[in-house]
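Here the structure of chain B is known, so what remains is to put chain W in place on it, guided by the hints.
One-letter residues, chain by chain:
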Amino acid sequence: MVTMKDRGVLGSVFINSSQTQKILLLLMSLALAVLATGCFIIDPNANQSTFEPLGPVADRQLTIFWWILIGGGVVFVLVEAALIYALIKFRRRDEDELPKQVHGNKRLEILWTIIPAIVVIGFSIASIDALFYSADVPKDSDKTVTLEAIGHQWWFEFRYPSPNDPENEVITANEVYIPVGIPVRINLESVDVIHSFWVPKLAGKVDMVPSEGNYMWFQADVPGEFFGQCAEYCGTSHANMKFKVVAVSPPEFDKWLSDQMASAVESGDPLALEGAGVFKSAGCSGCHSLKTVAKSGSKGRVGPNLAHLASRRHLAAGMMDSSDGAGNVNDAYLQENLRKWLENPSEIKPGNIMSSQAAVYTDPDKSLTERQISALVAYLTSLK
Amino acid sequence: MSTLPIAIPRPVHPTGLWNWLTTIDHKKIGVLYGVTAFIMFISGGIEATLMRIQLSQPELDIVSAAVFNQLFTMHGTTMIFLAIMPLGAAFFNFVIPLQIGARDVAFPRLNAFSYWVFLAGALMLKLSWIGGATDAGWFGYAPLTSIDQNPGKGIDFWIISLQVLGIASLAASFNFIVTIINMRAPGMTMMRLPLFTWMTFITAILLILAFPVITVALIELTFDRYFGFNFFNVSRGGSVVLWQHLFWVFGHPEVYILILPGMGIVSEVLPVFSRKPLFGYTTVVLAGIIIAVMGWMVWSHHMFTVGLGPLANAVFTITTMLIAVPTGIKVFNWIGTIWGGSIKITTPMAFSLGFIAMFLIGGISGVMHAVSASDAQQQDTYFIPAHLHYVLFGGAIMALTSGIYYWFPKFSGKMFNEKMGMLHFWLMMIGQNVTFFPMHFVGMDGMPRRIYTYTEGMGWDLWNLVSTLGVFILIAGFVVFILNMVKSWKSGPEAPGDPWDGRTLEWSIPSPPPEYNFKEIPVVRSLDDWWNTKQGGNFKEIPVAGGSGDEEHSIHLPQPSYWPFVTALGLFIAAYGVVFNQLFVPWAIAIIGTFIGFVGVYAWSLEPVNDPDEESTH
Chain B
-7 MVTMKDRGVL
3 GSVFINSSQT
13 QKILLLLMSL
23 ALAVLATGCF
33 IIDPNANQST
43 FEPLGPVADR
53 QLTIFWWILI
63 GGGVVFVLVE
73 AALIYALIKF
83 RRRDEDELPK
93 QVHGNKRLEI
103 LWTIIPAIVV
113 IGFSIASIDA
123 LFYSADVPKD
133 SDKTVTLEAI
143 GHQWWFEFRY
153 PSPNDPENEV
163 ITANEVYIPV
173 GIPVRINLES
183 VDVIHSFWVP
193 KLAGKVDMVP
203 SEGNYMWFQA
213 DVPGEFFGQC
223 AEYCGTSHAN
233 MKFKVVAVSP
243 PEFDKWLSDQ
253 MASAVESGDP
263 LALEGAGVFK
273 SAGCSGCHSL
283 KTVAKSGSKG
293 RVGPNLAHLA
303 SRRHLAAGMM
313 DSSDGAGNVN
323 DAYLQENLRK
333 WLENPSEIKP
343 GNIMSSQAAV
353 YTDPDKSLTE
363 RQISALVAYL
373 TSLK
Chain W
51 MSTLPIAIPR
61 PVHPTGLWNW
71 LTTIDHKKIG
81 VLYGVTAFIM
91 FISGGIEATL
101 MRIQLSQPEL
111 DIVSAAVFNQ
121 LFTMHGTTMI
131 FLAIMPLGAA
141 FFNFVIPLQI
151 GARDVAFPRL
161 NAFSYWVFLA
171 GALMLKLSWI
181 GGATDAGWFG
191 YAPLTSIDQN
201 PGKGIDFWII
211 SLQVLGIASL
221 AASFNFIVTI
231 INMRAPGMTM
241 MRLPLFTWMT
251 FITAILLILA
261 FPVITVALIE
271 LTFDRYFGFN
281 FFNVSRGGSV
291 VLWQHLFWVF
301 GHPEVYILIL
311 PGMGIVSEVL
321 PVFSRKPLFG
331 YTTVVLAGII
341 IAVMGWMVWS
351 HHMFTVGLGP
361 LANAVFTITT
371 MLIAVPTGIK
381 VFNWIGTIWG
391 GSIKITTPMA
401 FSLGFIAMFL
411 IGGISGVMHA
421 VSASDAQQQD
431 TYFIPAHLHY
441 VLFGGAIMAL
451 TSGIYYWFPK
461 FSGKMFNEKM
471 GMLHFWLMMI
481 GQNVTFFPMH
491 FVGMDGMPRR
501 IYTYTEGMGW
511 DLWNLVSTLG
521 VFILIAGFVV
531 FILNMVKSWK
541 SGPEAPGDPW
551 DGRTLEWSIP
561 SPPPEYNFKE
571 IPVVRSLDDW
581 WNTKQGGNFK
591 EIPVAGGSGD
601 EEHSIHLPQP
611 SYWPFVTALG
621 LFIAAYGVVF
631 NQLFVPWAIA
641 IIGTFIGFVG
651 VYAWSLEPVN
661 DPDEESTH
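Each protein sequence line maps, in turn, to chains B and W. Per our numbering, residue -7 is the first one in the first sequence, and the count goes up by one each step. Per our numbering, residue 51 is the first one in the second sequence, and the count goes up by one each step.
FYI, nobody ran anything at the bench for these hints, they're computed from the structure.
Under the rule of at most 30 Å between Cα atoms (straight-line distance), these lysine-lysine pairs were calculated in the DSS-like manner:
| no. | chain 1 | residue 1 | chain 2 | residue 2 |
| --- | --- | --- | --- | --- |
| 1 | W | K537 | B | K14 |
| 2 | B | K81 | W | K394 |
| 3 | B | K14 | W | K464 |
| 4 | B | K135 | B | K287 |
| 5 | B | K291 | B | K247 |
| 6 | B | K14 | W | K469 |
| 7 | W | K394 | B | K14 |
| 8 | W | K394 | B | K98 |
| 9 | W | K394 | B | K92 |
| 10 | W | K469 | B | K81 |
Chain B with its partners taken away, still in its complex shape (with noise of 0.2 Å):
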């Protein structure tokens, strides 16, 4: 194809080549080069890269994903190879000149439908043993975690089955912890349209489908914090839907889950008690429960969990950080990202509830003041 020259059907436009033909030739050599070595400046490293897996399932997706992609470029290197080679070797050379007439080849023919058939049969077959080995947490697992995880407009809720009583389920929002090297399942449910959840470098995602029963599960096999990111569109702010898998040893994680089950610490600071006085005045606490435990099964809130909303990452469905690159909680980012989100959810999050429903955002003679958004942040900073 490279050598494909420009000729004319007609005598006035008969042409062999030409300055800008070449120019172009010139172009497609260069973004063919560039698109190749991108296959190599893919940045493995990347927050949701697929090609950096740290957990078993996504280990043996990407796998399958290499051996398909092998297969795939062979084909497609003789293909190609195939069409070029005749373009240059059979390139009509006499306007006169009549090939032989060939009309087909019946062996030939059946030749190129079995050998496919066979190599993709082959494909799927192999690909099977990945595919219910992702399905769901293997038999032989002396121990799992399970926990739920609810999909909202736009932001994630996740629950734990409390370790000292069955009846009740530990709720937090945003930021799943799991323990490191054990199988974890996780129980998907949408409370309005249908999300779906994904943690690229743990597995594959599957789709939070109202009332469906769906699960999935992954294992982490390093600690660390994993990016994840709702993948099925699920109205305005589907792009700001995220959330963080952090992987923990299992004592820290036994000890972050008891942690969590503790009630909201009341801070004595005088700015942060008048703040808790907003939540309750302004209907914050209509749609944001502080409560740490629920029975199973109960419905949770509009809004996210806030009970230790100052002991996590992020804010805002991993839209803002409110920790430093090393994870600790940094006061300083979460007060100024807290009053950015206080003052307008909508910049941030554009068409979420607060902003829509909530009457300190929709009636003007209600809008939070300067002062009530600085005592909101400072109680809600206090929520270790």
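Okay, now just chain W, sitting in the frame of chain B:
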């Protein structure tokens, strides 16, 4: 009959607006379809460009989240229903009667009706931008389309205009099936049909089987939204997954509806410019039929992450992988066609070859998605737009463009500028690869599709920028294309009847074809009859394109009619009335529109036939 007051005489308008409004000439309707579809293609392209500009850098604020969501929904719906499908229909209209040796389609007035109804649906959908278009994605997953989630009129416009477009597609499909079965010239057996006609035939069958499924789904959605039904309302026992099944049972055959006409075009172009018959004609026809049958068994591969369970996913993995086989057969046969040929690279040939090269990439990434284990990572990421654009742009659009250049001399009677054509080709090749290839990279790096913005530091910045730059190369390509088309049509050199040394019957008549197409209905003795005749193989004298003789007065042609337009207008008004059912009096507009539609149908059925000998048109 003609004594009834309703029996208004047939229109006689040889030129002008009235001529276009009342024409039932399949060639003119083909041109109407083509021009309208191309305008819609530009509108979809503008929507895409806005999205790419918004995504060129992280956290841009060129368009709002709400507008972005409308843009991608409208872009998808526009390109599929208003651009690629009607571009296919433009070719069906213009080419099929010429290829099978007919003077028109079986139901000429129904054909005009199809076009006007298509225009009604298209206008309706695009006009929904006024007041807010739909933003639920082109596959409109429940419950995003519910009245609670989406109380605006955008979704209603989307639903009703898709229904209207469905009527257009169904009418056209029945027409083409009947035409291809009944209107073939003597000797044109099914296995002598040109490949493009064959693929059209298959496409039309797919359409009449697939569209009712989406029609039912849309009716259920309409009932949910208008009358409080609960088909997709989970809290009342409905199911949101039901919508997905219905949508994709339609949606996957739809993919083949989009690509099969393109495959047909390529199968016409390659033999002509290789001076060799299509390699394995029977196999290519059978592969098309197998694709059409297997296309019904793979829909759930769009739903691998919905939670149908590993067993269902395994079954759909295998069926989807298998559908790659007939597609592969076609690609191999195309290469077999040019292999050993005498290849001349003209613009249409370049586009057909580009089709093979690019469609292959989309085919391979399709096989990658078919493997549901690894698709769990790719589903709903940018890898999917990358894949589908290689299929629909690198595939369907490249092939349709090839067809536009290939048949341009035939429908315009002029030659296009070959230099500009090749410039267009290279700009398209570079542009589409620069635009769509990087989407694979960001997809694998975890960028979900349908996000209106992204934060810095995700590793997506570079390739999004590259992708956006590619769009401008594509735009440059289309500017060259439009200039070439307009200039050549106005003042290009006259085209001979058979500029490409063609193989099929449309090249045996003058360019542009006379209104009656064939002076004498040809008798077909073989596949590629015109080519064989020229080679002296059909025991006839070597003819000249266009033939000779002047026996024109005895040809009876179907006559123009007002009523297809009036009926479609009634449908348009009625459809608007369904969306705005509360304006003034409830349902008043819908009732008025329905009444106009009935008048149209009534008058249509009683329309008299003018005496052709009194006519002075030719």
